[in-house]
Amino acid sequence: MNTPGQWLKLPLRFLRRGFLLFAVLVPLAAAEDYLSTDEFLSQVFGSSVPAAEKMWISAEQRQVAVNSIGLGRPPIRVHYWREGKRSAWILQEVGKEKPITIGVGLNAGQVETVRILAFRESRGWEVKYPYFTEQFSGATADENNRLDRRIDGITGATLSVNAVQKVVRWAVYLDRGLEPAITADAH
Amino acid sequence: MPTRIFRQIRLFLLRWHRRLGVAVSLLLIWLALSGIALNHSFDWGLDQTTGPQILQSVYRGDSIEFTSYKAGDMWVSHNGASTLYVQGRELGYCGAPFAGAVLFAGELIAACGDTLLLITPAAELIEAIDIGYDLEAAPTGIGINTSGLWLKSDDGAYAVDLNSLTFTLSTEAVNAVDWAVPGRHGDTIHAALEKASFGKGVSLTQMLLDLHSGRFFGKLGTAGMDMVAVLLILLASSGVWVWTTKPGRFRRKHSREKY
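Chains L and A are the protein sequences, given in the same order.
According to numbering that gives the first Met the number 0, the first sequence is numbered sequentially starting from 0.
According to numbering that gives the first Met the number 0, the second sequence is numbered sequentially starting from 0.
The set of hints was computed from the structure by calculation and includes no laboratory data.
Glycine residues also receive a C-beta, built at the ideal position from the N, C-alpha and C atoms.
Worth double-checking, as some hints may not be accurate.
To be verified - From the structure, some residues in chain L lie toward chain A, with a derived Cβ separation under 8 Å:
{"id": "1", "residue": "Ala50"}
{"id": "2", "residue": "Gly69"}
{"id": "3", "residue": "Pro74"}
{"id": "4", "residue": "His78"}
{"id": "5", "residue": "Pro98"}
{"id": "6", "residue": "Arg114"}
{"id": "7", "residue": "Ala117"}
{"id": "8", "residue": "Arg145"}
Claimed, not checked - Derived coverage of chain A by chain L (criterion: at least 3 residues anywhere in the stretch with Cβ under 8 Å from a Cβ of chain L; other residues may be distant):
{"id": "9", "stretch": "87-95"}
{"id": "10", "stretch": "118-132"}
{"id": "11", "stretch": "159-165"}
Working from the sequences, and respecting the hints, build out all of it.
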C-alpha cells in the first residue's frame, strides 16, 4: 500500500529539479549590459580622451559603404575621436530591424577594441560578449574593405554578427581616410 | 485518507481528464503549431511577410495615433512605437518615447528614446547620436533658446553641444527655452502617414501572435484563451494526479502485488 508521503515524492522531485533549472537559466536570460560613450572612450584612450571631431561623408565614401561594405543606410556625418594614430568611432548599423550602436577603437589602422554600446534588437545580443568582439583585435582590412581574418559567427545571431562586421570594416575604411591628417600631424 | 476515497477521486479525475483532453485537443494543436511558428518567425522571415489580405481588414480599423511636431516648415511625426516620419515619409527607426523635434542650426533634431536624430531639411538622416548614458532618464522634451539646444529630462534641463557631444545638466533654472509642443498636422500629412505606416500591411508574425493569444477576436478572444489556459492547467494537474496515484506506482518491483 502506498502512503501519501510516497505519492508526493515524485512531484516534489520534479519541482526540485525544475527549480534548479529555473535558478540557473533566469540569470543567463536576464544578462543585459551597455557601455556609455565615456566608458568606451576611456577604454580606448585611457584617462586623456581627446575632443570629438566631425567627418562629413562624401558621396564616394557612401557608395563604398553601401556597395563594398554593405551598410544599409550610412549617415552623412559621423563623430570620431583621435589622438596620434589612435582613433575611436561610434557607429550604428541595423541588425534585423533596430540599430546596434558599436564602438570601434583603432591604432595605426588596426582594430584594438570593439564594444557594443547599445543593443536594441530582441535577438542576437550575444555579440556583446568578449568571446565574439575579441576576435577583431588586431584585424585590418584590404583594399576591398574585407577583413584580414575570418570572424566566427554565433548561431541565431547572424544578422547582428554581420552588422558588427560591417561596422568594423566601415570604421577601418573611415580611419584610413584620416591617415594623411595623422601623418601631417606627426610631422 | 482511506484508499476508497483516493480511488474515487482518481476515477473522477480520470473521467474528466479524458473529457477535457478531447475538448481542448484541437486548440492545443493550434497553439502548439502557432507557437512553433512564432518561435521561428525571425528565422523563417514571417515578420517580413505580409499576412493574408483577407485578414488585413481587421487591422485597418485600428488607426495609429501619430504625434507630430512642427520643426521649421516640416512636420516630424512618430507612430508611438519605433518609426519616425518627416512630412509623412518614413525616415526610419526612432525609439519611444518621442520627446519632440525642433529646427536648430539648419538641421531637424528629433529626440526619441535613447537617440537624437539629426536630419536634413530634405528628410535625409545626417547622424544618429546615442544619449542613453548622457541623460539620467529618457528625454521628455526638446527646445531651443538663444544659447543653443536643450533637452528636458526628469532630473532637469540639459544643454546640448552637438559639436563636442556633451550634455550638461543645468544647475540653475533655465529661462526662455522654446520647448517643442505637439501640433495638429493637416489632412495631407495624415493621409501620407496612414499610407506610409500601413503600406505593407500587418506582418504574418503579428497576425499569428494575435491569433495565438486570442487578441485577434478582441476581448472575447482573450477571455477564451484564458479559459483554455485554465483548462490546460487542470488537464496537466489531473494527469499528474492520476498518474502518480496509480496503485502500485511507487512500489518496488519485487514487492509489487497484483491490483
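Check the structure against each numbered hint from earlier and tell me which ones fail, lowest number first. Of the numbered hints, 2, 6 and 8 do not hold.
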